[in-house]
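Work out the full structure: start from the sequences and follow the hints.
Residues per chain are reported as follows:
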Amino acid sequence: MRLRGLLAAVLVLVAAACGGNDASNPFDTSSTVPGGTTAGGTSTTAGATSTTLPATTTTTLDPFLVDIYSIEPTPPTEPATGVNALLGGAPDEGLGAVLAAGLEAEGIDLTGVTIGVWPIGSTGDSLLIVDFDETAGTYAADDDAGNDLLIALLDDPLVDAAGITRLVMRIGGSDEEGAYVFTFTALVADLRQSLATGESLGEGEAYFQLERVEP
Amino acid sequence: MRRTVAVLVASLLVTSACSFGELLEFVEGSPGGGDLRAPENPIDVQAAGSTVEAKSDDDQAKDKIAEALDPELAIGNKIGLATDAIALRPADPRYLMQRAWFNRIAGDDDAAKVDMAAAFGLAREAYSAEESDRRYAEFYMDATYTIMNSYPADSNIRARMEQVYCVTLFLYRADYASTLLGTAYIDFNAHLELCGP
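Sequence lines, in order, name chains U and P.
Here the first sequence is numbered in our numbering, starting from 1 and rising by one per residue.
Here the second sequence is numbered in our numbering, starting from 216 and rising by one per residue.
Please note: incorrect hints may appear among the correct ones.
[Claimed, not checked] To list a few chain P residues with every Cβ distance to chain U over 12 angstroms, as calculated: (1) 244; (2) 245; (3) 279; (4) 282; (5) 284; (6) 286; (7) 295; (8) 359; (9) 365; (10) 368; (11) 412.
[Claimed, not checked] With the C-beta cut set under 7 angstroms, the calculated list includes, among others, these residues of chain P facing chain U: (12) 247; (13) 332; (14) 336; (15) 360.
What the hints contain is simulated information worked out from the structure, not anything from laboratory work.
All C-beta atoms in this analysis are idealised placements derived from N, C-alpha and C, irrespective of residue type, glycine included.
Next up, the structure:
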């Protein structure tokens, strides 16, 4: 935080120095500089002793520029409930895109596949969510394609760095009555073990759910 | 046996071509099958079973924000739409940050501060302490970028927000460029082109 504060100060000073004081300056900075041709500093000389009082510089920042870390976090007034308690925070779509790019770099076909990361409320862990839509035909046609995807995905060091502990696969489908989503989930550690040894997931290690969804 | 998981994945996709009834029979007949949100399941399993609902809420909240980005819309209406997004995802810091920006643009710095503090509080709830600071900065940059792009390129608001974005990115790089997740964000999601070398 000390480094951050120092850098913020430097940036403000650079912005002030570069921007001038005209009306278009986004940082609207004003300064009082001692000595020279401007009034401000005071110098008193008596014999061999010279004292210079410290100068005062006043800087007014653009109200848009806020040190976000100087804000004291306010805990929620009411505890989250239901889905908001289970999946608070925000999905990390950026990290999902990074993981997808890593898979594509390994030649894995991601047609119809979307990858996302979502924090699990108040545990500090995250879910890795892999969505397959009805265009993900590669995975229905080739058993090994699913294996290759999971091996590469769970091997990415970002998975552990992001605190991802559980994989969720959601498969979208539809029938004459409408759309549905089939969800499979297992712990990342159990899946890694299964993929490494070829052993099946044990009873209670894999969960399934089927639900109707709005189209 | 190496094919166990692959067969599972493939079978899930193949079964998606089945009728809902057949799939339901498969789910209910399997150990671990049923409603993942059942309270007897571990929290992370309940969370896994809630992702469809959460995504649906989030998509609706995003639609509200997309509506709020209409340049012709009055700032008060933008604040109202951000409030609707917050109602849909009350534990998500991003929508509070977006409302904070609309309030700041409207000149209500006090309201903006309240929302920023609440957003920070939600980030602290959802992530570990170290992680929450990083994600908080990312949310702020993302919110800033999204909203500033709804203003004309030559506008004063756009220019000022761009400076905020670049200052925040500069500080973020100082703090997180040496970390794996920080590097991933900078390389894939940050808009370095706005901020010079």
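Indices of hints not satisfied (ascending): 1, 2, 8, 15
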